[in-house]
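**Student:** Next come the chains, spelled out residue by residue.
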Amino acid sequence: MEAREWQLDVLKEAGTVGIGNAAKALSSMLCDRMVYVSVPSVRFVPLSEAAWIWGDPEAIILAAYVPFTGGLSGSAVFGLPEDAVRTFMRFMSLAAEVECEMYSIFTEMANIVVTSYLNALSSMTGWVLRPSVPRVAETMAGAVIESVLALMEHTNDSATVIDTTFSLEGGHRLLGGRLILVPDKMSLCGFLQAVEATYCR
Amino acid sequence: MATSVLVVDDTAFMRLTLKNLLTKNGFSVVGEAENGEDAVQKYFELKPDVVTMDITMPKMDGIVALKSILQRDPSAKIIVCSAMGQKPLVIEALASGAKDFIVKPFQPDRVVEALNKVMSGGSA
Ligand SMILES: [Mg+2]
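Line by line, the protein sequences give chains A and B.
FYI, the numbering for the first sequence is 12 to 212, going by this note's numbering.
FYI, the numbering for the second sequence is -3 to 120, going by this note's numbering.
In short, the hints are calculated from the structure, not lab data.
Worth double-checking, as some hints may not be accurate.
As the list claims (entries may be wrong) - Which residues of chain A face chain B? A few of them, derived with a C-beta cut under 7 Å, are:
| # | residue |
| --- | --- |
| 1 | 38 |
| 2 | 40 |
| 3 | 113 |
| 4 | 115 |
| 5 | 122 |
| 6 | 133 |
| 7 | 135 |
| 8 | 142 |
As the list claims (entries may be wrong) - Straight-line alpha carbon distances no greater than 35 Å define the calculated DSBU-like cross-link-like pairs of lysine-lysine that follow:
| # | chain 1 | residue 1 | chain 2 | residue 2 |
| --- | --- | --- | --- | --- |
| 9 | B | 63 | B | 15 |
| 10 | B | 113 | B | 43 |
| 11 | A | 196 | B | 83 |
| 12 | A | 196 | B | 38 |
| 13 | B | 43 | B | 20 |
| 14 | B | 55 | B | 43 |
| 15 | B | 43 | B | 83 |
| 16 | B | 55 | B | 20 |
| 17 | B | 20 | B | 63 |
| 18 | B | 15 | B | 43 |
| 19 | A | 35 | B | 20 |
| 20 | A | 196 | A | 35 |
| 21 | B | 113 | B | 63 |
| 22 | B | 15 | B | 55 |
| 23 | B | 113 | B | 20 |
| 24 | B | 83 | B | 55 |
| 25 | A | 35 | B | 113 |
| 26 | B | 63 | B | 38 |
| 27 | B | 15 | A | 35 |
| 28 | B | 83 | B | 38 |
| 29 | B | 38 | B | 20 |
| 30 | B | 113 | A | 196 |
| 31 | B | 63 | B | 43 |
| 32 | B | 55 | B | 113 |
| 33 | A | 196 | A | 23 |
| 34 | B | 15 | A | 23 |
| 35 | B | 83 | A | 35 |
| 36 | A | 35 | B | 63 |
| 37 | B | 83 | B | 113 |
| 38 | A | 23 | B | 83 |
Even glycine gets a Cβ: it sits at the ideal position worked out from N, Cα and C.
Assemble the whole structure, with the sequences as input and the hints as a guide.
**Tutor:** What follows is the structure, encoded as structure tokens:
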């Protein structure tokens, strides 16, 4: 296998383990409703195309931007359409008795989902990965991902994006969102080596 | 008298969730803090029997706050309640004196059990 192909494979595996753990956490927050996840896609995305990662760049979503540090650093973006957040709130066992602002609930949901994803990457490497407090906004999907990539260090003209989607049945339709991980280029190499050391012994 | 609890978490939603859960189970939530600095200050102001401590918070994270409280009051009973269930971090928290480590999302029973256990003198 070529080096580049091998790297993509490792990142795909990381994305699979990450989204699996994130979905488990989300399911548990939503009274064990079944959460379906996609096979992650790993891509090198030119900054000029960043706005289209989400599909429709003008779709309005609630987005949480979560930079993280540790052996692997980078940014995660967790996004959901507002109506999905409202439905999820109804599904939450505890929320039924908790009168709380949607933003606050979404912030904690993002914290738990992204951190669970990072927990899985941590177990692949033995590293502690520290998420920061989610920054939440209601915004256009294209704008959020574009600004996140623009903020990142060492992106030059493209970024490695591990893109995963999840969905669950809400009422009579499928509600879904996305969790995107954009690792800093400088930290990727060490991460790949650490995964190799843990997995391929 | 009911066990007094200081609930520390940066999101209002999680503070309210914990407060409702604890109150329903006979605990008395005497204070809330939304970051580590606030937690340290409120701990010495309120002297609660138990603290539930989040980790990912602005200004000062929960691990720093936990160490800071325990340094001044080694008898403090702190239960970490965080999504960050990463092994090295759990070990660090327990080695630093946390009585238990609850990973979010939690089952309500798990939280109540942890508090009861800490109050009866056990630890994780
Ligand atoms: Mg938090």
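**Student:** Holds or violated: residue 38 of chain B with residue 20 of chain B, Cα cutoff 35 Å?
**Tutor:** 23 Å, holds
**Student:** Would you settle whether the hint for residue 135 of chain A is holds or violated, based on the nearest Cβ-Cβ distance to chain B being less than 7 Å?
**Tutor:** 11 Å, violated
**Student:** For the pair supplied as a hint, residue 196 of chain A and residue 35 of chain A, confirm whether the alpha-carbon distance does not exceed 35 Å.
**Tutor:** 28 Å, holds
**Student:** Given the hint that residue 15 of chain B pairs with residue 55 of chain B, test it: the Cα-Cα distance must not exceed 35 Å.
**Tutor:** 23 Å, holds
**Student:** Starting from residue 113 of chain B, check that the Cα of residue 196 of chain A is at most 35 Å away, please.
**Tutor:** Since the Cα atoms of residue 113 of chain B and residue 196 of chain A sit roughly 45 Å apart, the hinted pair is violated (cutoff 35 Å).
**Student:** Sort out whether residue 15 of chain B lies within 35 Å of residue 63 of chain B, counting only the CA atoms.
**Tutor:** Since the Cα atoms of residue 63 of chain B and residue 15 of chain B sit roughly 24 Å apart, the hinted pair holds (cutoff 35 Å).
**Student:** Is the Cα-Cα distance between residue 196 of chain A and residue 23 of chain A 35 Å or less?
**Tutor:** Holds. Residue 196 of chain A to residue 23 of chain A sits at ~16 Å (cutoff 35 Å).
**Student:** If you draw a straight line from the CA of residue 113 of chain B to the CA of residue 43 of chain B, is it 35 Å or shorter?
**Tutor:** Holds, because 19 Å separates the two Cα atoms, which is no more than 35 Å.
**Student:** For a C-alpha distance cap of 35 Å, please report whether residue 15 of chain B and residue 23 of chain A respect it.
**Tutor:** 40 Å, violated
**Student:** Hint check: residue 83 of chain B vs residue 38 of chain B, CA-CA at most 35 Å. Holds or violated?
**Tutor:** Answer holds: residue 83 of chain B to residue 38 of chain B is near 29 Å, not above 35 Å.
**Student:** Verify the proposed pairing of residue 83 of chain B with residue 113 of chain B, using a straight-line Cα cut of 35 Å.
**Tutor:** 22 Å, holds
**Student:** Tell me if the straight-line CA distance from residue 35 of chain A to residue 20 of chain B falls inside 35 Å.
**Tutor:** 27 Å, holds
Violation of the numbered hints given earlier is confined to hints 1, 3, 7, 12, 30, 34; the remaining hints are satisfied by the structure.
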